[in-house]
Structure formats: structure tokens, C-alpha cells
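S.K.: Protein chains in written order, with the working numbering: chain A, 1 to 346; chain B, 1 to 346.
Simulated from the structure, these hints should not be mistaken for lab results. Just so it is clear, CB atoms sit at the ideal spot from N, CA and C, and this is done for glycine as well. Watch out, some of these pointers could steer you wrong.
A few chain B positions that, by computed beta-carbon distances, are all more than 10 Å from chain A [stated by the list, open to error]:
id	residue
1	Ala42
2	Ala111
3	Lys140
4	Leu198
5	Lys229
6	Glu262
7	Leu272
8	Lys276
9	Asp311
10	Gly324
11	Arg328
Here are the simulated BS3-like pairs of lysine-lysine, each with C-alpha atoms no more than 27 Å apart in a straight line [as the list claims (entries may be wrong)]:
id	chain 1	residue 1	chain 2	residue 2
12	B	Lys7	B	Lys189
13	A	Lys73	B	Lys307
14	A	Lys140	B	Lys305
15	B	Lys338	A	Lys140
16	A	Lys189	B	Lys140
17	A	Lys338	A	Lys251
18	B	Lys214	B	Lys73
19	A	Lys140	B	Lys73
20	B	Lys140	B	Lys73
So the derived label-pair ranges between C-beta atoms look like this [said to hold, decoys possible]:
id	chain 1	residue 1	chain 2	residue 2	range
21	B	Leu67	A	Arg187	48 to 54 Å
22	B	Ser137	A	Ser137	19 to 25 Å
23	A	Glu304	B	Thr30	30 to 36 Å
24	A	Gly18	B	Pro165	25 to 31 Å
Protein chains: 2
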Amino acid sequence: MSEDPIKRTDVNELGEFGLIDHLTRNFPVTRLSTLRAMGDDAAVLAGQQQNMLVSTDMLLEGIHFDLAYMPLKHLGYKAVVVNLSDIYAMNGTPTQITVSIAFSNRYSVEALEELYEGILSACKKYNVDLVGGDTTSSLKGLVISITAIGFADGENTTYRDGARPGDLICVSGDLGAAYLGLQLLEREKRIWMEHPELQPDLEEQQYVVGRHLKPEARVDIIKQFRDLKLVPTSMIDVSDGLSSELFHICKQSGVGALIEEEGVPIHNEAQLLALKFQLDPITCALNGGEDYELLFTVRPEDEEKVKHMQDIYIMGEIKEPEYGIKLRTKGGNFHILKAQGWNHFE
Amino acid sequence: MSEDPIKRTDVNELGEFGLIDHLTRNFPVTRLSTLRAMGDDAAVLAGQQQNMLVSTDMLLEGIHFDLAYMPLKHLGYKAVVVNLSDIYAMNGTPTQITVSIAFSNRYSVEALEELYEGILSACKKYNVDLVGGDTTSSLKGLVISITAIGFADGENTTYRDGARPGDLICVSGDLGAAYLGLQLLEREKRIWMEHPELQPDLEEQQYVVGRHLKPEARVDIIKQFRDLKLVPTSMIDVSDGLSSELFHICKQSGVGALIEEEGVPIHNEAQLLALKFQLDPITCALNGGEDYELLFTVRPEDEEKVKHMQDIYIMGEIKEPEYGIKLRTKGGNFHILKAQGWNHFE
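Bound-form chain A, shown alone:
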């Protein structure tokens, strides 16, 4: 008999403290501000003059991710990236994270190693240190809770409430592709469950699938802000969809907004796939979510600076509050945007 090609070590062989030591043994400490990482009651970080930013997120199996098509390594990577994205959305620099996980007894040490490989890979790419967290059991499924810590100068810290009428509404990258990638993966999963002999072929849709499985946080945009000495008047990252995020900015800033359909960036592959799925591409872009792009507003006098930025699109303009929040279609019609979905105006 041949040996099982996949090694499966029970987590109980290592014990709680052994497990966390084992999983985090390769994590380097690269930030000068990390005075003490794992292994004490709390992590110790050096004090800074800058504002400190703290963001936290919890992801649950069966709610936020499906391991049928999400490899554990990608999951670990994505779980870190979505938290870092929140720090960038404050115009800050993430420096440390803590990671707590709970998992049922169907997870082996090898499975958890894969998860931590993804976490490590994100830590390296974004230059953040893992400084704390714990591992515990769950009755069912995997739970990941991550807290990201970062810093920003007082004058750079960008909130959601600073947008003013006349400001330009901008977005990085493109929108809707992560949602379409998820739709495609869900469809392939259904097909596979009915016909396990069929292998999914996602070759032609690498872009949208990648957008869902391995999103990146836009550190490059934050760097461009620094180089251009440009401070947005408001900013948020696109996790729930453009409409929803725009609503947060408008509500907290006490303003209205007009978005031009023409200005909303949609990747060609997403456009084609939306049509194939009989979905309206602009609806996917407005309500899709999980793009982790940066939605921000700038003063009108900063228009030239924005035009020099890489991968930034001006989509519209902030209006007086009584204007409401509207979309002008390519055909020139106005629609009222809703936090989720949008309805015909008149």
C-alpha cells in the first residue's frame, strides 16, 4: 500500500502554545516600531507622534468565504489585505496586525500552515508585522479575526466626512470584477457538484477570478498621494460596492453626489462576463463589492494632480445635500442611487 500523499498532523499533537509557535515561526519582525511581537500578554509597539489607526474584521466560513473554491493560502492572504485596505483608506500606512483563528477538528496542522503561508505572504508584500493573536477551537468551521494597526500624520489622516460640494469623485482601478469572479466561481461549483467529472475551465476569466480570490490593497495610490502632496477630502475603500460606499461618504459629509456612468471604470473582461451572465455591467460595478479599490474625493483645484495619477478615474462630482445621490447614464438619463441597487428616477 502506498502512503497517503497528503500528510495530516492532528493539531493536538502540538498543543495550543506549540501550534501558534509553529505557525508563526517564520514570521520576521521588520518594523522598527515592533518592540515585542508574539509571546507575551500583549504586543508592545513604540510610541509615535503620528495618529494611530486601528481596524478590525472577522471572517467566518460559510458566511464570508467558501473553501470549495477559495484555497486556504489565498484566504489567509485576502483576510490580511482587506484589513490593510481599511488602513490605506484612512490615508495611512499599516505596520502591524494581530490574527486570531478558531477552527474545528477537521483542520490539520498542514491546512493551518497553508493559511499562515498566505498571511505571511501578505505581511511580506505589505511590510507589516504579525504581533499577536491566538488559536482556539470552534464547534464548526473556520473563523478568522484580524486587527490591523497603522499610522498617519495628522494632516494626512483622511476621514469619510470631509467631502464638500464641487469636489471631484475619484476611484482607483476598476469596479465589479470581484463580484463577477465570485458569480463565476459559484456557477462552476454548482456544475462541479452536479457533474464531478467535469473540470472547471477558468482560463479565459483569470482577471475576474483573481480579483475575487487574491485582491490587493492600493498602497500604490497612497504613495502617489504622498509624492503629489495631495490629500483627498474624504476616502473609503470599496468593500460593499460603490453605491454603498458613496452613501457612507455623502451621509457622513452631509452632501449629495452625481456619478457619470461613462466615468465608472469597468474591466473589459468583467464587461463581457456581465453580458454573458445577462447582468448589467454598471449594476455590477455599483453594487458588486469586494473590489478593495479606493473611492475618494478631491478639491476641484487638485484636478490636474489627479489627472497625473496612474490608474485613477474621475467619475463625478459632490453636490449640495438636497441634490441627492444620482447616476447619469451614458444615454443622459438620471437615476437615483440607493445604498444597494438603484431605481429608475423618472
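Based on these hints, arrange chain B on the given structure of chain A.
M.R.: Showing chain B alone in chain A's frame:
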């Protein structure tokens, strides 16, 4: 027909953002360092010269708590306290927390309000601000993930690795009572499940039950350290049991230790209940856990200062590493302590 006396509002009536706004509407911001609490991509805290401390913990229903005897309000309170305890164990002052919760559809808005009432109560008592977090669904049960943030001067920050041979081993309060409280509650639950008509009577065991259901973090000890200008050489909080915590200190400091059974503080009610349950009181104290007392070491020349502290007991002495970790019983016998449980030496 009379109306249901217990109001049950479905969480979907409020929506995700409505729910978190609703649950946190009464939380005040009292710390000057809290520049922005809830409602943006990240909380914003003012920079400080002091070291920043970060500690995180995740609690799962069915693993860490049983709602059959743990009221939600107490659970919220305890979940905060155990995290603050980690910051005190670094000789620091907690200032902010983030709270993320995941819950299944059997939780109503009213149930979550109770949980947040307990969280608020702990925030007020310990003067910390709630500055972030989220609410999400779970397929099963309740998950609470809390991150506590605090500060400590560089010279006060107390790690686990500073204990040196000759140092005195001290502990606050008393040990083992929380464990016995849990045993009692578990027993009453079993009785109640077999005989639902019987009402549990816990009147005579208020102390041990309270130690399990509503532990406190020892901020008073930290204040005494400041007043006496006393900095422990090492410190940890007792969450897994005295033996286990002592092992962490010895391992990280590279030392051995001798504990005198006589010096281990055990509450009279815990002592009596242990005997009633045919348990050895010292075993409960050594391995019980969840006491959230502070275990610390001080230099021998600080003995007088420690003797002037309220509610502090000197239990033993740090030894050279080759000595190992031992307990001397009241009868004068030596036992080798193990991280969990202890075995007869010879």
C-alpha cells in the same frame, strides 16, 4: 391574548450598519487619545510617546462560554475584562477596545443589547473607549473577538522574561475560585436538565460563582505599583492557571521556581467547595484558571514594598534554571509542577 412579555426584534429590521449604530449609541468617548471612534474605515487614536500595547482574544459559544448559565450581560462584561487583564499584565493602562461579534439568527436585537450593556458597563468601570468593530452573521452560535489597546511607559512595561533567581513570586487576590464556580454551575446545569422543576440555589456560593461569571481585572494592583514606584521584574495574568502561567515566566526568563503551598492564597469558600467536590484545593488553585489575578516577580530588595501592598501574597522564589519548577507542600514534601497538573516528586 396577552402580548409576549419579552420583546424580540429581528436584527434584519435594522440592517448591518443600523445594528452597530444602535448597539453602540450609548457608548461615550472619554479618552483624550480617542480622536475618532466608530464609523470610519479605522479608529484614529492620538500618537503617544509611551509604548503602545495590543492584545486580542476570541471567545466562541460552546467552547469558551455556555449561555445556559452565563447571562449575556455578564458575558459582554467578562469578554472585555479578560482582554483588559492582558494589558494590566504588561503593567499598562488600557485605553480603547474594538469588539467584533458574529451571531446566528436565533439572536434578537434585545439579546445583543444585553451583551453590549455588559460591554458598556466594563468600558465605564475601566475607563476605556469602544472605538471599532463589526457585527456579522454566523452559521452557529455567538463569536466575540475583542482587541484591547493600551499604553505603558518604557520603564514600566513588564514582560514575562525578566524574572531572575532570588526574585520573589507574588500573586494578587486568590486562586481556584473561578474554576470551582464553573464546576458548580456545570453541576447545577446537569441537575436542571434532568429535573427542570428544581431551581438552582447558589446563594451559599456567591463568591465562587461571581468569580466565574463576573471576574474583574486588577487595575488596583497596577495603581499600587505606580504609587510605590515598584516595577515587577516579570508579570502575567492568571488565565490558564497558576502552574501554566508560572511555566511561561520560567521558560521565557530561563529560570526555575519554588512555590510554597502555604503561600498560595485560596478563598475560604473555594476551600470548602473543593472538599465538598472531593477535589484538592491546591490542585484547583494551581490548575484552575480564569482567575485573572496578576502573577508577578519582584527583586528581593523590594520585599518591604510588596508587604505594604493590599491583597498581594508572596508565594515563593525564583531559582536557577536547573532547579526546575517545584511546589513545597505544607507537609514539607516537594512536587515537580507541570504546566497542567502536577505529579508526585519522590
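S.K.: All the hints need checking, so say for each whether the structure fits it.
M.R.: Tested hints:
1. Ala42: violated (4 Å)
2. Ala111: holds (18 Å)
3. Lys140: About 5 Å separates B/Lys140 from the closest Cβ of chain A, which leaves it inside 10 Å; violated.
4. Leu198: holds (28 Å)
5. Lys229: For B/Lys229, whose nearest Cβ neighbour in chain A is about 21 Å away, the distance exceeds 10 Å, so it holds.
6. Glu262: holds (28 Å)
7. Leu272: holds (32 Å)
8. Lys276: holds (31 Å)
9. Asp311: holds (20 Å)
10. Gly324: holds (19 Å)
11. Arg328: holds (27 Å)
12. B/Lys7 <-> B/Lys189: Within the cut-off at roughly 26 Å; holds.
13. A/Lys73 <-> B/Lys307: Violated: A/Lys73 and B/Lys307 sit about 53 Å apart, past 27 Å.
14. A/Lys140 <-> B/Lys305: Violated: A/Lys140 and B/Lys305 sit about 50 Å apart, past 27 Å.
15. B/Lys338 <-> A/Lys140: violated (31 Å)
16. A/Lys189 <-> B/Lys140: holds (23 Å)
17. A/Lys338 <-> A/Lys251: holds (12 Å)
18. B/Lys214 <-> B/Lys73: holds (10 Å)
19. A/Lys140 <-> B/Lys73: Distance of about 25 Å is within 27 Å: holds.
20. B/Lys140 <-> B/Lys73: holds (20 Å)
21. B/Leu67 <-> A/Arg187: 48 to 54 Å: violated (39 Å)
22. B/Ser137 <-> A/Ser137: 19 to 25 Å: Hint holds: Cβ distance 20 Å, inside 19 to 25 Å.
23. A/Glu304 <-> B/Thr30: 30 to 36 Å: violated (44 Å)
24. A/Gly18 <-> B/Pro165: 25 to 31 Å: Holds - the Cβ-Cβ distance for A/Gly18 and B/Pro165, about 27 Å, lies within 25 to 31 Å.
Violated hints for the displayed structure, listed by number in ascending order: 1, 3, 13, 14, 15, 21, 23.
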